[in-house]
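Enquirer: Residue numbers (numbering that gives the first Met the number 0), protein chains in the order written: chain A, 0 to 90; chain B, 0 to 174.
In case anyone wonders, no lab produced these hints; they're calculated from the structure.
Please note that a few of the clues may not be correct.
As the list claims (entries may be wrong) - Covered by chain B, according to a simulated footprint, are these stretches of chain A (three or more residues, beta-carbon under 8 Å):
1) 7-19
2) 22-32
What the hints assert, rightly or not - FRET-style restraints, in silico, Cβ to Cβ:
3) B:Ala-70 x A:His-74: 54 to 60 Å
4) B:Ser-153 x A:Ala-76: 39 to 45 Å
5) A:Gly-27 x B:Glu-154: 36 to 42 Å
6) B:Asp-83 x A:Gln-34: 48 to 54 Å
7) A:His-5 x B:Gly-13: 49 to 55 Å
Just so we're clear, the structure is a prediction, and the values are computed from it rather than from any experiment.
We put the CB at the ideal spot given by N, CA and C, even for glycine.
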Amino acid sequence: MSSDVHDAIDERLARLATDTASLRPRGGFDDRVMQAVAASRSPFADGLFRAARGFVPAALLAAVLAVGWAVQTGHDADRALASGFDAMVIE
Amino acid sequence: MDDLDDAVRRVAAGDAAAFRRIVAATSATLVRLGARITGSQSEAEDVVQEAYVKAFQAISGGRFEQRAKVATWLRQIVTHGAIDALRGRARRPVPSETVDDVGFGVEGSADARVALAELDDLLRELPPEQRAAVVLQSVEGHAVSEIAVIMGCSEGAVEQRLVRARATLRERLGS
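Extracted from the complex, chain A is given alone in its bound form (with noise of 0.2 Å):
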């Protein structure tokens, strides 16, 4: 009995697969799509986004140098704080 209406439940569920198979969308669905793809865009956002993205590379080299100079210029003042009281000690 169970195994009966487990194979009518398979040979019902192939059934209704084949017979909608042919089912596809209402004409001019693709351009109804396009329409809301299109609706959805803001050219200001799309425009910022894509000028950031290629900004992405030159903000990090910037951010690099950036911290280079940094470091170098600590090193020098360090340098120059360092001298300083030596020049102090000695006189």
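We have chain A already, so just place chain B on it with the hints.
Expert: Frame of chain A, contents of chain B only:
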């Protein structure tokens, strides 16, 4: 290179018109999937349209990483959208005139209209996730491993949903 992959690359590079190639190649399959899960052509078209908008935004925003095939990824979005639509329907019962309309306005043969209404009636008592799992396996012909990817869960979870769904269907058809 796959034509769909090429279209995705073009959309990501800012060619929005290339998205039409993706829609043209996949809309029939996706609307069929959505209709089989929701039991309604018009609801399926809404779900699929929303899925395409989400997909476009993800691709053009650089958030689609192409680890999955485009077609599989779209199936994931549509399946989740269809499950959400079924949940929404459960929360807010469909007015009777809309229930009468389920299956009408279907593009395709008269047999397809009747079959979609019959499928909807057969699966009506199943929870949305079980209904989607049954459609993906027994109607769409996917393996459990593929269903797990599409539904975003483990194979064990898919098998559990299928077992429970079959028990409900057996009980219904056996009585």
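Enquirer: Hints first: check each against the structure and report whether it holds.
Expert: Consistency of the hints with the structure:
| no. | hint | verdict |
| --- | --- | --- |
| 1 | 7-19 | holds (count 11) |
| 2 | 22-32 | holds (count 9) |
| 3 | B:Ala-70 x A:His-74: 54 to 60 Å | holds, 57 Å |
| 4 | B:Ser-153 x A:Ala-76: 39 to 45 Å | violated, 59 Å |
| 5 | A:Gly-27 x B:Glu-154: 36 to 42 Å | holds, 39 Å |
| 6 | B:Asp-83 x A:Gln-34: 48 to 54 Å | violated, 23 Å |
| 7 | A:His-5 x B:Gly-13: 49 to 55 Å | holds, 53 Å |
Of the numbered hints listed earlier, those contradicted by the structure are 4, 6.
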